[in-house]
Each structure stands twice: as structure tokens, then as C-alpha cells.
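These protein sequence lines map, in sequence, to chains P and E.
Each residue of the first sequence is one higher than the one before, counting from 1 in my numbering.
Each residue of the second sequence is one higher than the one before, counting from 1 in my numbering.
No wet-lab data here; the hints were simulated from the structure.
You may find that some hints are simply not true.
[To be verified] Listed below are the simulated DSSO-like cross-link pairs for lysine-lysine, each with C-alpha atoms no more than 30 angstroms apart in a straight line:
{"id": "1", "chain 1": "E", "residue 1": "K330", "chain 2": "E", "residue 2": "K605"}
{"id": "2", "chain 1": "P", "residue 1": "K337", "chain 2": "E", "residue 2": "K198"}
{"id": "3", "chain 1": "P", "residue 1": "K337", "chain 2": "E", "residue 2": "K520"}
{"id": "4", "chain 1": "E", "residue 1": "K198", "chain 2": "P", "residue 2": "K322"}
{"id": "5", "chain 1": "E", "residue 1": "K567", "chain 2": "P", "residue 2": "K322"}
{"id": "6", "chain 1": "P", "residue 1": "K106", "chain 2": "E", "residue 2": "K554"}
{"id": "7", "chain 1": "P", "residue 1": "K277", "chain 2": "E", "residue 2": "K423"}
{"id": "8", "chain 1": "E", "residue 1": "K376", "chain 2": "P", "residue 2": "K277"}
{"id": "9", "chain 1": "P", "residue 1": "K269", "chain 2": "E", "residue 2": "K554"}
{"id": "10", "chain 1": "E", "residue 1": "K376", "chain 2": "P", "residue 2": "K337"}
{"id": "11", "chain 1": "E", "residue 1": "K376", "chain 2": "P", "residue 2": "K322"}
{"id": "12", "chain 1": "P", "residue 1": "K106", "chain 2": "E", "residue 2": "K330"}
[Claimed, not checked] Far from chain E, some chain P residues (derived; all Cβ distances over 12 angstroms):
{"id": "13", "residue": "E77"}
{"id": "14", "residue": "M130"}
{"id": "15", "residue": "P153"}
{"id": "16", "residue": "G157"}
{"id": "17", "residue": "G169"}
{"id": "18", "residue": "L217"}
{"id": "19", "residue": "A220"}
{"id": "20", "residue": "A230"}
{"id": "21", "residue": "L233"}
{"id": "22", "residue": "F315"}
Bear in mind that the values here come from a model prediction, so they are computed numbers and not experimental data.
Here a beta-carbon is modelled for each residue, glycine too, at the ideal position from N, C-alpha and C.
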Amino acid sequence: MTMRKPFLSRRTLLRGAGVGLGLPWLEAMVPVSGFASSADPRPPVRMAMLYIPNGVNGTAWRPEAAGRDFKLSPTLEPLKDLKDKVAVLSNLWNAANEGGDGHYAKEGAILTCTTIRKTSAEDIHNGVSMDQLAAQRVRHLTPIPSLELGVAPVATGVQFSTGYTRVYGSHIAWSSPTTPLAREIDPNAVYQRLFGAASGRNANFAKMDALLLDRVLEDAKRLRAEVGAADRLRLDEYMSVMRGLEERVGRAGNPAARKWTARVPIDPKAAPTGRPKDHGEHVRLMLDMIAVAFQSDATRISTFMFGNAVSDVNFGFIEGVKTAHHEASHHRNDPDKLRQYEIISR
Amino acid sequence: MPGIKINSFIAPSAVMSSFTTRRLPPLILLAACSLASAAPQGEYAFDDAQAFVGTYCKSCHSGKSAVGGFNLERVASAASLRTEAQKWIRANARVRNGEMPPKGSPAPSLDERERFNAWAENVLRAGACATGITPGPAPIRRLNRDEYTATIRDLLDIHLDIGQALPADGAGGEGFDNAAETLFLSPLHSEKYMEAAKFAMEFAARNSESRARVLVRKPGPGVLADQAAREIFENFLPRAFRRPVRTEEAAPYLSLFRAAQEEGQPFEESVFFALRAALVSPLFLFRVEPQNRGAEARPLDPYALASRLSYFIWGSMPDQILFDLAAAGKIQEPTVLKEQVRRMIRDGRSLGFAQRFTEQWLLTRELGTEKIPDAKLFPSYAADEELRSDIRFEPILFFREILLRDLPLWNLLASKHIVGNRKLAEHYGLKPRARQGDPRQLRWEDLPEGSRRGGLLGMAAVLAVSSYPHRTSPVLRGAWILDSILGTPPPPPPNVAPLDEAHGDATTKTVRERLTQHGKNPVCASCHSRIDGLGFALENYDAIGRWRDEDAGKPVDASGELADGTKFEGPEQMKAMLLEKKDLFIRNLTAKMLGYALGRRLTLKDSCAVDDIAAQLRENNYSAQTMIEAIVLSAPFRVQGAMPPQAQTE
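One chain only, chain E, in its complex shape:
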């Protein structure tokens, strides 16, 4: 490829800008409780935290024999938390999850717990952010199944869903299947990678576009087979490994070529055999970034940045433009990055990004696998494959349109638009619009007044995935909103006998009547008072998202109330309430997106970057492209921290 030459692996000296020194605006107080908790946010201070710890923790965690070596007597001021930040992050999570104090010990109320959690997190984060935003770890990462498929497609110019033969990947980090930590390798992978490489190369050998891409030199008069093969590898390997390739790295592939020739294989077969090895090499299968062995953070290697960009927005390898910018040493320039982000979003490959991100963020990927609406109760849904597909694609395309049109991100909560077609309009009880073209095509449209739709919470995919197969569940929907929309998942239920929503005489009682039992038990009520109310507001949507005015023969009561007394009725009022909390939503979305972009779990330091990006979004009318740009320009994305010395040795 022009731009990258063998033996020219010198990182262009990029300009070190002031990422690491940027100071943050004063921290916005953790908003987690503002929606949910009835307790006043008030002046929770160190003394309150000390009292909490004294009452609930110190009987075990003090003195020489402090359990877990965690001695709370050493905590003299808020700053003490920062000297043991890692321990406190864990301790705080255990308190939040109700694991601490352990069973049998006096337990704090939910409000006490949350106020302590919010205070501790705030102290820790303020400590972490005071030193500026610094990048977290960047572990090597196997290409996941989707990335593998797309990379082979772009590398060889073949259109082939080759990854379908590979096992599916699990997910971790912020909930995505590109998390470095959960991209394991099994013996099954080794077989599948071998087979897929063989299949891809055999396919490429018969495909004219692919041959033109790969076989850049033919042996002939004056060109020895060896020389032609060398040129082919010099062209192919840097693209396959997504960085310049040193001579000594390329030489063994030439030996493979020669070995095949000695076995009597013709020229082309020998070339494709050697290239097959490249597709099984860890240099192809893993994304590897050159280590920073210096003492200071530094701008990320330009080729590594090109890959981070392309795997973020395209889920595939960099194209020639990105490679050229890396080679020219320009890719770290903010104006260049911004321009590239906009170009990449416009490219068709960003559709896959919209799909992967949206479906994993909203959990709608489970629709059709783990979650299948009951075929007997919803025959029209079960029988109509087109409708099912439209429902699944609606949130994906809606998200992508917001990105393409650079609209404010709160459109995801409430919008005057929809991505629709005739089938969806019927499903939603809307009057289909007269329009040109294929009525099946999903398109961006204005919603009529009083449509009861607009935004994720009116979408069938979301409403179905947060229901049971045969009925709605205000609990599941409420928990879904707290988790996916607001980023404040409810803690796990304590070990009390679960209240079954369908318990009792299911034919006469509405779900609401059954759920009132939550209010009777104070242990249940502490959390369900914030979960159920949100879900009730969506009761007018059935388990596949259709509007209904009656449930179990009675009029739907869609009124909800939060623990703090905020009352609302029906989806429109709830959306208005959520819009007032949009900063909470935006912060959650930003954290999810940064976690996706980095392919790992966010650290405390990363949360400083999230705050910073969320602040930029507020200043820029929450513009969708600003979010992507700000993430790409953030320190965690384009700066590489120094490797801690202990990690360098065996």
C-alpha cells in the first residue's frame, strides 16, 4: 500500500497536546439519587460517612485483626479514601449491592446506603480527576466475530458472512461483546479460524475484485516468482496487520510460499497458502498496540489510533485514507480527527456500529433469541417475519438517523420523528403516510400530533424486550429504564421470598393490583417504589408494543409515582419527566459509548472523561456527532499511558 513501506516503522512525532493537564470543571454531583431517592441530597459530609462506617462497618473492620486487612480506623479524612482508592471502589460496590454489611449484621436503610455510596464515589472521583484525565489500560484484544467478518470483507474485497461459522462472543466491561476481557479463545476457535482462513482464501482466489486487490504482481519475463510473491506480501501484510511490517516479520511468509512451491504447488496456490497463515496469525486476529515503555503518557501510535477509530465507528480495519493519515503523521490532529469522524459516520459501514451499539445497549438483541413473544397470544407478530425485522431495526435506524442528522441526543427519549414504514404504522395504530417508493422501506418521518410514539420508550423492540413473552411487566420495564436509560440499575433484590406478579387469581386481577403487594412490605417497597412507577406509565403498551386502553377487561391505569412524590401519567408525562433529567441520561449514554469505543470496562479515571464529555455535550446542544467527536478526542481514546514497571517484567 502506498504510504506504508516495509522497514519504515517510525512513529511520526505527533504533537503532544494538553490532554493530560486539562482540569475539569467542578464536579457535577452524582445524579444517581436525584431521580430515585426520596432522601434530600443535602450536605452529606465526612462526619456522616464516619457515623455510617462506625455503625455498620467498624465492628469487623478495625484494629489489628481487621477483616480483609481493611482497617477503618485509619480513615482520618476524606483524603484517606484516595490513598486506598482501589479498595474503596470495591468496598463501595459491595455496600451498594447489599453484600456489606453481611447478612445477620445490622443493615443500613436504602437511603443511608445510597447517600454513603454517592458521597464515597464523589470523593474518589474528585480525587481521581484532580490530577487531570489520564488514559486507562489498553489490553490486546481479539477481533470479535463481527469485527473478524468485516475485516476479512474489507481486506479481501469479498462479500461473505464468514464469521457465522465462528462461535458467538460473550460480553463484559460496559456490556458489549468487544470487551477485551471476555474475548477468550477455545480449541474450537483454532479449528474455526483455520477453516475460515482457508475458505476465505479459496473464495478470494476465484473472485476478480479480490484477485486484483491481492495479486498485485505476476511472475513473468524479468520477474521471478520469488520477487512477485515478495511484492504481494509487502502489499498485503501491512493491511492485514494494520501497521507497517518489518522485513524480518515478512520473511517467514516468503518461506511458507517457497515451501508450498517445493511441494509442487503453482504460483497462485502458493501465494494464497502463505496468506492463509496471515489470517490465522495473532498479528491479524488480535488488535495489538505498541507498548509505551516510557515514564510519561504519550499520544497513541498513529496506526493504533487509525485502528481504534475504524473499529469504533466501522467495526472493521482502517481504510486507505486512515492509513495514509497515519503514515503522514496527521491522524492525531484534532481537526483531522473531527473531519474523519464525520466522514466515517456518513459511510455505510457505520450502520453496523449503530446496530451493535444500540442492540447491546438496549438489550434488544435478545429479541428473537432469549425473548420471543408468545405465538399463541401474539399470532400476528409470530406470523410476520417482516414486521419482526422492522421492529428489531427500528431503534437501530433511529439511532443512526440521529447520528447522521446530528440531532440532539435527547431525541432518543422524546422525538417528533420516527423511522417507519407501512407495517410499523399499522402496528402502532398510526395512519400510514402516502409516500413515494417502496412502502416496506423504513424511513425517517414526522410523527403526527398525539401519536403516543417518538423516542425509544415508544418502540416495540424496547417494549417487548422488557416484557414477559405473554404479558407486560411494570417491574421489568421500570428496571430497564433505570438500567439502560438512566444508568442507575436497582440493586439485586434481597433474599426475601420473591413476589410473583402473576400470583393469585390472574384472571381477575390486573398487574397493578398484584403489584400493590410490593408497597406492603417495606423491604420490597424501598426499591420497588422507584421501579414500578416508571413501568406503570408504559402500561398502555402491550407486550409487543401495541397501544391498548384496557388490560384484563379493565381500563389501563398508567399513572406512576416516584419515591420522591413526582407524579405522572402515561408515556408522554413520563417522557417529559425524563427530559428534565436528561443530563443523567446523557451521562449514561456517554459512559456506554466510551466503554464501547474503548472495548473495556471504564475505570474511575475514565469517569472523569465521561463528565468532561457530558459537559461538552451540554454546551453543544447535546449534538450526536459531538458525542462521537468528543470521545475520539478524549484522553482515554487517543493517549497511551505509561506501562507500569511491574507489568513489563515476567
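Okay, chain P solo, but in the shape it has when bound:
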């Protein structure tokens, strides 16, 4: 994509951030600036998983040669300035989704490495995704446990020909086999959320919020005693997210409990305005949000979806492309389509 307009000043945003390919040396991108004042000088370990729907043109994606001196592939060529920090893993394989039909069996399980259950909803079942396993380990260290981002709203409906709910194709982060995590697609809302989380709240505010959360948890407990077994699971889900919030509110209101240090503080004036119409600009902004989140240590775990599974975003805005994404992915070795598929992936 060619439209790279950094919206944030360079003070607050590192250029080149957000291209981490989800590999664990993201910390290398963070400069040790004057703001870093944590007792532990090592930067925290973070993880971002960026997901591309419909796969990629493998021939154009796979680099030549293994090891440190590999040669970047045409698709990965834009990463040339960061090549020393990039590793490409090949031959990863989810044996559990072999034979599942259509996109959802593969894409829904991309971070869970399991077999998703074919259902229109009533007994939805995936696995816990790897980002959430990581979040379970480090979520007590930051104000936001993990950040789930995307650019397309959740796809609604059921794909009746294959019998899968589109919930599977719209979520890669799953905190339990039955709970996909909601995503945010508005960069401004994310920015405000990060700012609110990273700057903490005053103690009195936190105290009142904690009281309020106590109250509603009491309602949930009372209600839980009145309903059947299946409904209890829903209320457990409710209590779990409300308790999580209560803990975070508590930590935010107690400076001694704060374990995070912003390497680059968030400037509220640098907030992006709303959701851009332009696809490339939107993607760029959301990736910037991951960089902001990591720099401010608002969270250390993030996932991002370039689109929903079977996304048919029309990439006609890129020179040389005249098809939509899903359509190009079913290229049937047509050289023209393969080329377009490659350009989109890039």
C-alpha cells in the first residue's frame, strides 16, 4: 500500500512500528528514551499477531534460503529496512483443520490450532488462542489485558452452505473455546481507551467505580442462583469480565499497584479523528494503535485482522489490481490473478 500518512507526530509514534509480523523481538523497536524509568531496564516482551484473510500467494511470499542470510520474497520486500529483525517461519501446519471445508475451518482456528466445531451457533467451540495464553501470563502487568483490533465490522449471519456461523471468520482471539473476543475498528475510540487506561484514574473515582462493580456482581450472583446450568455459563462470563474490570480499576487507582511504565506517554491531542474511509489509511492507523499501546505499556498483547475470513474487500485502489480479495485468492493458477493476489498481500 502506498498511502502512508503518519497522523501522529514523531515524538509520539515510531515510524516503522506495527510491522512486527507478530514475532517476539518487537521490543527492539522501542528506543530507550528519557521516559523509561522502570527499575527493570529491559523492555517488556510483547506480542502482536497480524492476520491476513484469504491467505497469500505462497510462491511470492516464501523467501529464498534459510537462516540469517535469507533473501526477502517479492511480497515481503517492503520490509527490507528491517530485514535483520525479521524471521519468516515456513512449514507451520495445523493438522487439526485438515479436511474442514471452506475458509472458516482454517481461518477461525489460525491461532488456536484446533478443529472448530461446525455449527450455526448453539454449540460454538474453538480453542484458546495463543495470544490469549500469553495474555493470561502478563495481563496483571498492564491496564488492558490485550488489545483486539481490526478494520471490518464483525461479519453477521451464518454461512448456510457450509453451516458455520460467521463468528468464526470474524475472530482470531478466543479467551476460551466458547468466547471469541470483541474487536475494535475505530482508531479514535482505541486511542481514547489507551489514553484513559495508561493515564490511570484518580483514587476517588476508582473507589466509586469499584463500589458500583461490587453492586452489579451481587446482582449477577443472585441471578446465577435462579437460572439453569446453560445460563450460568453466560453469567460466569459476565462476572469474569466485570471482576477483571474491577481489578483493573483497583490497580489504576492505586499507584503502588502500577507495574507499567510508559516509554512514550500518550498525547491526548494526537488522537486520530474517527474511522477513515480509505482502506489503506484505516489499516495504517490501527497498526499505529498497536505501536501506541506497546509504547505506553497499556497492553503487551495484541491481535489485528486485516479483514474477516472470506473478506471480499475490493483492492481496486491499488495500481495493477482490479479484483476483490477473496476472488483473487481463488486464482486457479491464472497468472493475472496470481499477480493481483501477490500485490494485495504485499
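Starting from the known structure of chain P, fit chain E onto it as the hints suggest.
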């Protein structure tokens, strides 16, 4: 609120009518194949099914080591299926989807498969319906984003799109985003609910209508702050929780009020703080119905029924009239329900219902998000926001007009009317009508003779959402008709190399020329012979629904043929063909609507209710309001089944 008092939570004894004992008329044979399959419907009997199972299934599913513990030797008669109904429902779906028999085993032809599927479904359904229509489960359900927004609006009398800050909901069940099973909660929700509650209450505190609605008592001479707050909560909480509230449920909110007072907060701030908690409480965020712990099905609790009604037709909380009818114990009466349905449809709030239902049923919600017609090829569409909005709203308003005017539902397939304005008329190549008022307003109008429009299949939104961004696709359109209109979605394509419609020399070949390759491969032809023909009949509409006589420089050939040899040409003849199959369409629409009304996936038992409602529609000239009434009066909607004992224990 008058009518509901604290501490008076006694369900009025509603009259148990004969819902559960109603016997059904003899089953209409599954119509799924009548349109699509060339095979004679004929006398498929148990012996045929046994032969099918013997040839394709028994080599794995027999004996002591039967795969999955599914031993087919035990199947002695059709009734055997009913004793293991749940297993057979699953097995039947797997056969339909081509998952069974598994790859590498001898596979039945599509016709064999379908005849077996139809037979098994028929046997299972006949078994399920023989015992009368009984209600399915009613899981607790979080308000979805739209419902949350509308409920806050009606509860506080504020006009605010507060839900836009919440994450969008996925969908399940029959394809709608009010399905209980897919209304999950994420940590993100907890934050957003807290913020939205705060924002709503701060907004309400400054709004005069809202203040009048909430602050029903002021402290003053002779009225202590505590007493005023108590009265405010007694008024507010039953509306927020949509049912009477017991004293012990209200008391903790009073404690919250006092806590805020002790922090030095003024009276009003303290009240709004406590009410903020109510908006985050599960009693507000979830729709909960009191459990039936008895052994028998019973009429649904009146307040729960009021909520089912209001969330179905309005997507929001019940109004005072519904609350009063619930309190008076009248809401279960069929005449009262019918009267309420008609009143609620006339209310402006039913527009949101028309929008949510229509856009999710027809998939037109994807227009503008997942599906965006190519801006270079369709610059007039891309540049004209008003046109895009008109196109999106056309099916919604058309559906609502049919409902308001109580017209026969087959108008959705073919109609002499349109909801139009000047822009749409131009888009459709119609002569704009001289009329009074704003030319931009979408209005119900007669269509001129030979208009080539009328009904969903001539609407730009439908035609665009079933196209690729840059061209039409007879495959997508055919599959869309099979799925959305007829409710007989084609099975997923087998794992053969997909035929690409644009493969080859795209500049000289028409789509039809490319698609003839489907006919050459028998594996493809078995399904595409029923998909492509339907789509071809719509080839005169381009990817944004404009009429065209040429495609790729050649005259459009809009002739289609079904696998059974039915031939038709162009949209008018295809619509006439669909009208002959209107019962199939009506059944599909009824099932979708019942699934929407119940907010969950339909069960086998529910399909008995669908048959029953479809039969009522046939007797009543397919009247649109009859469909809504019949759904509201059906057992799945207003009867509550007994909770199975195992569900009651931890």
C-alpha cells in the same frame, strides 16, 4: 410505574390454552427438492433408506465397534430414527453437507443424497410434530448493540446513538445478531458498558424530558433525601429490569445512593450514580425469563412475554401499555396479543425491526462494508451518497410497507409496486412520476407496465450484494436465491479445483460462455445446474442493478433452465416460476422470522410450528400481519417448556 409495584411479583394466572395439544394437519412433504432436483419425488420408503444406508454407511457404522457408537443395525423401522432423533439430525446434516460418507468411500449421487435427506427429515419431523407443538429453550440473552441503544433511549427518553461505542455483535441461529448463543461478553464490553452508562446518565441529568422521567420525587419539606431516592428507584428499576422488582433487589441501590451521599455528592448526583449501576447490572443487560421448574409446559410469564413482544417488533423495552397489560394478566389473551401486534407494527419503532430483519435476511447489510461496487467501474454509484442510501433502504421500506399495508407476502417476489423516488427511478430507467412533496423521499408507488422491476429480485441492493464488486455473477445470484429466497442453500462445493468464472480471456467471453464449463464436469453440474440457471435469468441487471441489454459487447442472454427442465427467460418469467413455488418461499420466510422472533436457532420441534404458521398463511391469503400474529400466538413464542431436571442442578 403504575401497574407494577415493588413486592407484588405474583404472576397473574394466565389461561392455559390448548397450544401444546394442537395437532397438525398432515405434513406437507418437504418441498426442498421440488424446485431443484430433477429426480422424481416418488415413493421413497424405509426400504430405500435402508438400501442407501447399507450401501454407503454400514461398512463403518455397524457391529460392536460401530464408528462413533452409531450402530445402524439397530435401525429396524422408520420409528427407530425417532428414538435417536438428536443423533439423526446431526447425521442427516453431515450427509447433506457431503461430509459423510467420508472422502475415499463410495459416495452417493446428489439425487440419492437428497432423497435420503428429505425422507429422514420428514420421518424425524413427523415424529416430533405428532406430540404437538412444544416450545424450545429460551436461554438468557444479552441485549445486542441495537437493542441496548433503543432500550436506553426509551428508558431515559434520550435520543442518543449510545451503542455506536459498543463492539458489533456476531450472529448465529437463523442468521441474526440477536441470537442468544452468539451474544458473548469480552473485557472490552465491561469497559464500554461502564462508560456508556456514565455517559447516558450524565446526558440524562442535563435533559429536561429525561429528568422528568427519572426524578419523580424531590427531597424537600417533609420528604427526606432517602425517601425521595427510594421512590425514584421504585419507579426506575422495574422499567430498567422490565419486571417488578422485589424490595431486597432494590435495597442495595439505595445503599449505593447513600455511599455517594457520604462521599459528599449532592442528591441528584447520588441518584444518577446509583442508577448508573442499574445500567451495568445483568438484570438490565440481559433478558432473563423466570424459570419454569414445574413438570409441565406453562404460559410464559406475562412480563417476559411483554419483553419478547417488544424486542421482536421494536427491538426495545416494553412501553407502558405492554407493562400494564402484563400487570393486569391480560397479555396472554389472543385477542389482546393480536391487537398489540397491529398497534406495534404501526408504531415508528417497527422501522428498526424492518431494517434489522430485512438486511440480515437478505444480506444487504454487507453493502458498503464487505461489498463495495468498484468505484472506477461504477463512478455514479460511488459518487452519490444519496443514491447509495436509497438503494440500501429500498428493500427495508418495501418490506415495512407490505407489513403496514398487510399485503400478501408474495409481493416480495413479484409486485406491482415499488418504494421509489426520483433518484431510484433514474437508476432503474423508469420515468420519474410527477408528485407532490420532496422528490428525495422514498414512497410507495405503482409501477408502470413493463417496468422490469417489482419485488426483491429487481432491487439494486439485492442485485449488488449478490455480485462481485466489478461484475455480475450468475453463480452468486443463483446461490443467493436458493439460500435467501427458497431456504434451500446449495451444499458446499466438493474439493475439486474451483472453476473460475473469469478464467480465460475475459475480454471476449461472456460469463455464460465461461460458465458452460460447469456443465462439462458432472461433479460441478450436479449442483450448478440448479444454481446457475437462476442467476442467468437476472443477467439483464448489472452489478449495481441497472438494466442492460448487452454484456461484453454481446446481447444479454437471460435464459435459464433448471435441472428438472423448467425453462424461463429473464426476470419476469423467473418470478412467475418462483410465484408457483411461493409456499417454499413463505416457509423459508416464516422460519427466518420465527428464528428472529425467538433469537435462537430453530429446533426440530420449532419446525412443526413453522409448518403450522405457513398453513395459516395459506388460509389467509399470505397476509403479512398474519405471519407476525401467528408467530406471536405460536407455542414457541408464548409458552415456556419445563426445564429438564439435569439443567437445574449445578
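The hints, checked one at a time:
| no. | hint | verdict |
| --- | --- | --- |
| 1 | E:K330 with E:K605 | holds (27 angstroms) |
| 2 | P:K337 with E:K198 | violated (51 angstroms) |
| 3 | P:K337 with E:K520 | holds (23 angstroms) |
| 4 | E:K198 with P:K322 | violated (47 angstroms) |
| 5 | E:K567 with P:K322 | violated (35 angstroms) |
| 6 | P:K106 with E:K554 | violated (41 angstroms) |
| 7 | P:K277 with E:K423 | holds (24 angstroms) |
| 8 | E:K376 with P:K277 | holds (16 angstroms) |
| 9 | P:K269 with E:K554 | violated (58 angstroms) |
| 10 | E:K376 with P:K337 | holds (19 angstroms) |
| 11 | E:K376 with P:K322 | holds (9 angstroms) |
| 12 | P:K106 with E:K330 | violated (52 angstroms) |
| 13 | E77 | holds (27 angstroms) |
| 14 | M130 | holds (17 angstroms) |
| 15 | P153 | violated (5 angstroms) |
| 16 | G157 | violated (4 angstroms) |
| 17 | G169 | violated (9 angstroms) |
| 18 | L217 | violated (9 angstroms) |
| 19 | A220 | violated (5 angstroms) |
| 20 | A230 | violated (6 angstroms) |
| 21 | L233 | violated (10 angstroms) |
| 22 | F315 | violated (9 angstroms) |
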